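Q: As a plain string of letters, each chain reads:
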Amino acid sequence: MKLLATLLLLLAPACLGADAQWMLEKSTLSYHVSHPLHQIDGVSHEARGKGVCQAGQCSFLIAVPVKSFTSGDTNRDLHMLQVVRGAQYPMVVVRFSLPEDTASQPVIHADLQIQFAGQTVEYKQVAFQQTAHGAGTEITGAIPATVSDFKIDPPSLLAVPIKNEIPIKVDVTWRKM
Amino acid sequence: MDMRRSRFLFAVLALAIALNVALDAQTAASLAGAVTSPAGSPVAGATVSVTNTATGHSYPAQSDAAGLYSVQGLTPGAYTVSVAAHGYAAKTVSVTVKSAEPQRLDLPLAIGASEPELGDLGFSPEQTQGNPEEQARLNKRSHMLKIHQELGLITLAPMLASLFSSTGAGGRHSTASGRALHATLGSVTAGMYITTASFAIFAPKVPGTKPRGPIRFHRAMAWIHGPGMILTPLLGGLADEQRSQGQKVHGIAQAHGAVAIVTAAAYGLAMLSVTLKKF
Chain U
1 MKLLATLLLL LAPACLGADA QWMLEKSTLS YHVSHPLHQI DGVSHEARGK
51 GVCQAGQCSF LIAVPVKSFT SGDTNRDLHM LQVVRGAQYP MVVVRFSLPE
101 DTASQPVIHA DLQIQFAGQT VEYKQVAFQQ TAHGAGTEIT GAIPATVSDF
151 KIDPPSLLAV PIKNEIPIKV DVTWRKM
Chain S
1 MDMRRSRFLF AVLALAIALN VALDAQTAAS LAGAVTSPAG SPVAGATVSV
51 TNTATGHSYP AQSDAAGLYS VQGLTPGAYT VSVAAHGYAA KTVSVTVKSA
101 EPQRLDLPLA IGASEPELGD LGFSPEQTQG NPEEQARLNK RSHMLKIHQE
151 LGLITLAPML ASLFSSTGAG GRHSTASGRA LHATLGSVTA GMYITTASFA
201 IFAPKVPGTK PRGPIRFHRA MAWIHGPGMI LTPLLGGLAD EQRSQGQKVH
251 GIAQAHGAVA IVTAAAYGLA MLSVTLKKF
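Each protein sequence line maps, in turn, to chains U and S. For what it's worth, our numbering labels the leading residue of the first sequence as 1, then goes sequentially. For what it's worth, our numbering labels the leading residue of the second sequence as 1, then goes sequentially.
If you're looking for bench data, these hints aren't it; they were derived computationally from the structure. What you are looking at is a predicted structure, and each value in this text was computed from that prediction instead of being measured. Treat the hints with care, as some may be off.
List time: in silico EDC-like cross-link candidates among lysine to aspartate or glutamate, alpha-carbon distance up to 20 Å [stated by the list, open to error]:
(1) U/67 to S/126
(2) U/176 to S/134
(3) U/176 to S/133
(4) S/91 to U/153
(5) U/176 to S/126
(6) S/210 to U/46
(7) U/26 to S/134
(8) U/67 to S/115
(9) U/169 to S/150
(10) U/26 to S/133
(11) S/146 to U/25
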């Protein structure tokens, strides 16, 4: 009995004091551009992210280099880099906070703060699906971004501009450290 | 009798409730204070949770614009007070609440080491720092390529007109005026073509970029229509000279029409390759 009590005393501070950390294990982020003559998807697998939980609240940060998005056409990707001011603002940075107890819910709603193209835009209550895979958690969803949100001049082809909507598909897997 | 008994019981119950409320009022305490930053400025919107360590009952509160929070109706005893605010380190303190006294507990916060930062993710400074010079180069490149695209479209007009006017310049129906018109349109086409091409050739290059996708085909076509656009007027000039001397077009000048058609076809394919989906 004494031994049990001693063990509990030794273990308790370790458990109570441990703040969980999450690391982004793998990611696929893609933007979709619509034009009457083209449907383009630019994809990046180079996002990195970290989440820190403290006092029941978790803060997450995901960042991805703008130039890591590829659409299969170098010329188009360079043009994209230019219109989104990717050399001047080379990172897309996404921040959000979630209560720690949402880790077990199948659908989560997050308020996202996105820094991109020199602008900071907030998207409220964006829904994501959450699936547990062993020690990892896969989160999928789409961010309803638009070109005008980030004050980007819509690129055009044959004098026809692209659609304002550029939804960003998210498929990320977090691992608890 | 039953009625009297009921009234008596009701009176006793009411008295007990009133007594309990009075005692509660006498013993209930409150906890209030200010949530502040390391600089002493108020932290608004901080989440404060006051938990009775004996019962586990929690009393939530939130700091207002002045950083002030307040929790009422506490029973005396030991409590833990947790505070969390965006950008600050979460904090938990223990406090003993005494009976019937409004108690003050200020909660100064430290800057949160828990907030993940871009520096935590291991990107190199080259990846995260902006480069205005590179942006300026990209802007110039895009601007020049846009002109290239627009001039390329405009060049189609004299090019097609040259092709159509060729019927009056060669064969049995050849006339001097027909040849002159065709030569003029050809010269305009060549001039515009050279201008168009120069905007692509002299657009700033982005080092380390390996061409992928339709642009490779677009560039490959340029190796056909480029020389073709030089050769076509030369052969045309030669053919015109032979015609002017009353000769039948002969020798290498005979290839003028074929070279012009191949050149125009390569030019059209180059345009389509960057215009149409999945070309």
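Q: Against this structure, judge whether each hint is valid.
A: Do the hints match the structure? See the list:
Between residue 67 of chain U and residue 126 of chain S, the direct Cα distance comes to roughly 12 Å. Compliance with the 20 Å bound is thereby established for this hinted pair. Annotation: proposed proximity of residue 176 of chain U to residue 134 of chain S is violated, straight-line Cα distance about 38 Å (limit 20 Å). Taking the CA atoms of residue 176 of chain U and residue 133 of chain S, the gap is about 40 Å. The hint is violated against a cut of 20 Å. Using a Cα cut-off of 20 Å, the hinted pair residue 91 of chain S and residue 153 of chain U is violated, with the two alpha carbons roughly 45 Å apart.
As the CA atoms of residue 176 of chain U and residue 126 of chain S are separated by approximately 29 Å, the hinted pair breaks the 20 Å bound. In summary, the hint linking residue 210 of chain S to residue 46 of chain U is supported, as the alpha carbons are separated by about 19 Å, within the 20 Å threshold. The hinted pair formed by residue 26 of chain U and residue 134 of chain S fails the criterion: a straight-line CA distance of about 29 Å is larger than 20 Å. For the suggested pair residue 67 of chain U and residue 115 of chain S, the alpha carbons sit about 26 Å apart, so the restraint of at most 20 Å is broken.
Using a Cα cut-off of 20 Å, the hinted pair residue 169 of chain U and residue 150 of chain S is violated, with the two alpha carbons roughly 33 Å apart. With a C-alpha separation of about 32 Å, the suggested pair residue 26 of chain U and residue 133 of chain S falls outside the 20 Å cut-off, and the hint is violated. As the CA atoms of residue 146 of chain S and residue 25 of chain U are separated by approximately 40 Å, the hinted pair breaks the 20 Å bound.
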